[in-house]
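Enquirer: Relying on the hints, combine the two individually framed chains into one complex.
Listed below, chain by chain, are the residues.
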Amino acid sequence: MTNRKIREAGLNPVLGYLFGTTACILLTEYVFLKTAFAKYLVILICISFQFKLSEKNRTDFLLLTFGDKINTTIRIFENLIIAVPFIAILTYKSFILEAIALILCSIMFALFSFHASFTFKIPTPFSKKPFEFSTGFRKTFFIFPLAYTLTVVAVYVDNLNLGIFALSLIFLTTLSYYAKPEHEYYVWVYAATPKMFLKNKVLNASKNATLLTAPILITLLTFYTAELELIVVFYLIGHLFLWTIILAKYSAYPGEMNLPEGVVIALSLYFPPLLLAIIPFFYIKSINKLKFLLNDKNQ
Amino acid sequence: MIKINELSKGFGNNEVLKNISMEFSKGNVYGIIGENGAGKTTLFRCIAGLESYNGEILSDITPLKNHLGLLLTEPFFFSKITGREYIQLLCNARGKTNLKIDNKNIFDLPLDQYASTYSTGMKKKLAITAILLQENEYFIFDEPFNGVDIQRNILLTEIILKLKELNKIVLISSHIFSTLSDTCDVIHLLRKGDQIKSFQKQDFNNLEQEMKNITIGNSIEKLELK
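If you read the sequences in order, they're chains V and R.
Mapping of the first sequence onto this note's numbering: residues 5 to 303, in sequence order.
Mapping of the second sequence onto this note's numbering: residues 24 to 249, in sequence order.
Careful: at least some of the hints might be erroneous.
[As the list claims (entries may be wrong)] Reference listing, derived: stretches of chain R covered by chain V, where coverage requires no fewer than 3 residues with Cβ under 8 angstroms from a Cβ of chain V: (1) 72-79; (2) 83-89; (3) 99-108; (4) 111-125; (5) 130-138.
[To be verified] Each computed DSBU-like pair below joins lysine-lysine, with the alpha-carbon atoms no more than 35 angstroms apart: (6) V:K293 with R:K49; (7) R:K41 with V:K289; (8) R:K41 with R:K224; (9) V:K143 with R:K123; (10) V:K293 with R:K119; (11) V:K293 with V:K143; (12) R:K191 with V:K293; (13) R:K88 with V:K184; (14) R:K88 with V:K289; (15) V:K199 with V:K295; (16) R:K127 with V:K60; (17) R:K88 with V:K125; (18) V:K133 with R:K127; (19) R:K49 with V:K132; (20) V:K9 with V:K97.
[What the hints assert, rightly or not] If you want the ones that stay clear, here's a sample from chain V, every Cβ over 12 angstroms from chain R, calculated: (21) P89; (22) T229; (23) V268; (24) I288.
If you are wondering where the hints come from, they were derived from the structure by calculation, not from laboratory data.
Because the structure is a prediction, the values reported are computed rather than measured.
C-beta atoms are modelled at their ideal positions from N, C-alpha and C, and glycine is treated no differently.
Excised from the complex, chain R in its bound form (with noise of 0.2 angstroms):
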């Protein structure tokens, strides 16, 4: 279980995230959406504990940051270290050892090059084989489909619903509707802070067209294309 009660965060004078309260439990998928300047991926950032926040995060295994696989939306790499090293590195962290890394290159990265010299999509895939390796019992996937070709979306959804089978905690955020429709239990609008509305599977439908129509609006009619 990860409970966050009454969250706020800001820098500054900008207020980021405002009073937000949610519960996840173990073997359930949670989608966050909102537009760009939402509030996600700084959401995201408190739960890591990677800011610091006024409000309250639990958990029941702690300390959570020690049990949570984090995928970045851009993932960092330094110069000169290999895909397999990469992994290595992030296994012994959490103190991994006996890694049958080359069983498990389900993405088929070319392990023994410079992880810098790989495709944005590669370097992606590389991230979440890293921490699908460090066996963690909460994941956060931040734009975890974005680059990644069709193929391995797939695969990535598969492995989405197989940590839901093994009980697992797992919040990913994406601007792909059907990527979370696919995957999620619970949906978690944000808007500029707020936390606006949480959607259950069967109102997915719903949520698709509610944001279908504030996104939208008239902006197409505005734009008078001929």
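So that you can see chain V by itself, here it is in the shape it has in the complex (with noise of 0.2 angstroms):
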């Protein structure tokens, strides 16, 4: 399946592997780098992965086809297969403890069918205009109760930089709302140009994302009034990250975000200034990729 999508995304799977191993090791580098709480995002990262995985009809499947016993042991190994590259982070950087705890996590994770106890409605304030926002805060709601406890350890213990990473952490998760597209008719069913749709989308995403966030930037900007601009500077490029991530999704559609995309926006991470050329960029692509299914006559 892996080997699959990178031949989608035009490179030869080998390379593909080299390239995304690079990536990853900058990237944890650059994580590792500019805070003390990486640790914690990398087994984050990892149990998300996993919970993937734990997907009821997916679980299902396993245990009609193979059986209790050796549908406990995939699990066990995919489970631990997706914990290596984490596992060796962390024991990289000599966090042996949260190493451990990450293998036992993963092992405990794959007896539990996490999704088949969520079928109950989680209400979310995103009804009225529901789609991604709706959707995604059910899918991801146990991180915003983190989010915020976080922000309040962060002002306890007197840490601005674990509050801008709750901050960071509700964008980071509301980007993952748009990182799939969505079936061809729910962009065909509005009646709107391509322009006022993406419109929408952006000012949707942005004020739900501000209520999401309001909490935390609330109580930084209470206590570190001093730093103000540097928290404001770090919430209007997570606007900007979002902006970009919603233009990338419909500037590959229908098909999914792919290697340029995702080198483009890897680039602006390091580089977030980036972010004021690549919009409109995306922007335009997008538009052009809309025209067909929204009926824009000035094709």
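Expert: Now the structure itself:
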């Protein structure tokens, strides 16, 4: 499956793995350089990948096909395979205890089918304009109490970086809501020009992200008044990334975002001012991609 | 009015629709029938603007797609969206506000449950409710009766007749002939992308007989059932 995806991105799988590994190493170094909480981020990312593997339909299929014992073995193995690079990172950075905890968590998560118990409706403040945020919020609801708690801890231990991390965590989570292209019907159904469609998407995303980040933003601005500029800059960059990911998604639509979009976004992570050039670029590409489905006669 | 002039559509070397010309007038219900692979769904997708094509599709209200309620054969629902939110999303997309969703929940759907947990029939009913609440001028129902219980099929037939009364244009495909004969004014027969024949209401009996003859042929004898 991964090989196929790499080929679809126009790369030889070997090159793809090489490129992916290099990008991972560079990104890891960067994150560990920037924040003391990188180890938690590593654990969180690993668990979020494993969480996806515990999807009910998937685990049901494995159980029906392979039976109870083999299913458990497969689940433990795949969780450990996912965890290997993350354990390697933690070990390399001398976080041995955290690495052991991650191994134990990986084995434990393999024994549960988490989504099975989440069929109850999780309330969301986004039901009036449902789609990315309403469904995304429900899939990642556990992130928000975590981020808000981190903010309180940040104030308590007087660590602004931790507060900024909590703010970034919310933005990162909202970016994931736009990672996959939706079924064409959900673009086609809009009675809007591509321009109106994108404007609506971007404004709605910003409005919703503001609602989710407001408790953190208000807390940080209250307790770190002297650092107002820094906090506001991080907040605005968060919005810029949100717009970028939305536009990048539709610039590749109906296909998935691929290597070119990924490289451009990764570059802007290192040098955020690049976003100011990338956003118009993705915007123009998106308009062209959406013209057909939205029946824009000015195509 | 919707007018189709010499519509052709191919996927690679496979020509799925060949020089189709049809006209649909307000206040009429049209059936599109044909075997699997005859081109019905592709024709609908072309009308909706989901596929590129050769030829011409004209409508009195433009763009056609913004006034079209499209029921896909298998409506797609993403996870973690409730029935109510699905209706809200589709109506927001058409700028419809002040919805009285609960009053209009004629299929008695559990609107506050996730749509992904609905049965096949319930999903179809939800998709139909949403496109009805969009207040469209044109409707395409691709296999609307499939998977829906008999009581709701009766209700759906009445809804289609009401849409006709409201001067809408309705296109339906169905593999259940009685549902078409109850609702349609004209039925177009497609076969392997060709427009074979059109039947007016008074000729529906002939059409049914003709279809039986073609479809059944001597296949029952071939089985040599004992």
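Enquirer: Could you run down the list of hints and mark each one as holding or not?
Expert: Hint by hint, here is what the structure shows:
Coverage of a stretch by a chain is defined here by at least three residues with a beta carbon nearer than 8 angstroms to that chain's beta carbons; for the segment 72-79 of chain R and chain V the count is 3, and the condition holds. Against chain V, the segment 83-89 of chain R contributes 4 residues with a C-beta closer than 8 angstroms to a partner C-beta. That satisfies the three-residue criterion, and the hint holds. Against chain V, the segment 99-108 of chain R contributes 8 residues with a C-beta closer than 8 angstroms to a partner C-beta. That satisfies the three-residue criterion, and the hint holds. Residue count for the segment 111-125 of chain R with a Cβ under 8 angstroms from a Cβ of chain V: 7. That meets the three needed, and the coverage hint holds.
Residues of the segment 130-138 of chain R lying with their CB closer than 8 angstroms to a CB of chain V number 3, which satisfies the three-residue condition for coverage. For a cut-off of 35 angstroms, the pair hint linking V:K293 to R:K49 stands: about 33 angstroms separates their Cα positions. Simply put, R:K41 and V:K289 have alpha-carbon atoms about 33 angstroms apart, close enough for the 35 angstroms limit, and the pair holds. Taking the CA atoms of R:K41 and R:K224, the gap is about 25 angstroms. The hint holds against a cut of 35 angstroms.
As the CA atoms of V:K143 and R:K123 are separated by approximately 28 angstroms, the hinted pair is consistent with the 35 angstroms bound. Our distance criterion of 35 angstroms between C-alpha atoms is met by V:K293 and R:K119, whose separation comes to about 26 angstroms. For the hint pairing V:K293 with V:K143, the CA-to-CA distance comes to about 28 angstroms; that is within 35 angstroms, so the pair holds. Distance restraint check for R:K191 and V:K293: the Cα-Cα separation of roughly 32 angstroms lies within the 35 angstroms cut-off, and the hinted pair is therefore satisfied.
The hinted pair formed by R:K88 and V:K184 meets the criterion: a straight-line CA distance of about 24 angstroms does not exceed 35 angstroms. Taking the CA atoms of R:K88 and V:K289, the gap is near 23 angstroms; set against the 35 angstroms cutoff, the hint holds. A distance of roughly 9 angstroms separates the Cα atoms of V:K199 and V:K295; the hinted pair therefore holds under the 35 angstroms criterion. For the suggested pair R:K127 and V:K60, the alpha carbons sit about 33 angstroms apart, so the restraint of at most 35 angstroms is met.
The suggested pairing of R:K88 with V:K125 holds, with an alpha-carbon distance near 33 angstroms, which does not exceed 35 angstroms. Only pairs whose Cα atoms come within 35 angstroms are accepted, and V:K133 paired with R:K127 is accepted, the gap being roughly 19 angstroms. For a cut-off of 35 angstroms, the pair hint linking R:K49 to V:K132 stands: about 34 angstroms separates their Cα positions. Under the criterion of a C-alpha separation no larger than 35 angstroms, the hint pairing V:K9 with V:K97 is consistent with the structure, at around 30 angstroms.
Annotated as non-interface, V:P89 keeps its C-beta farther than 12 angstroms from every C-beta of chain R; the closest such distance is 27 angstroms. For V:T229, the requirement that its beta carbon stay farther than 12 angstroms from each beta carbon of chain R is met, with the minimum near 39 angstroms. Residue-level check passed: V:V268 sits 27 angstroms from the nearest beta carbon of chain R, beyond 12 angstroms. At roughly 21 angstroms from the closest C-beta of chain R, the C-beta of V:I288 stays outside 12 angstroms, upholding its exclusion from the interface.
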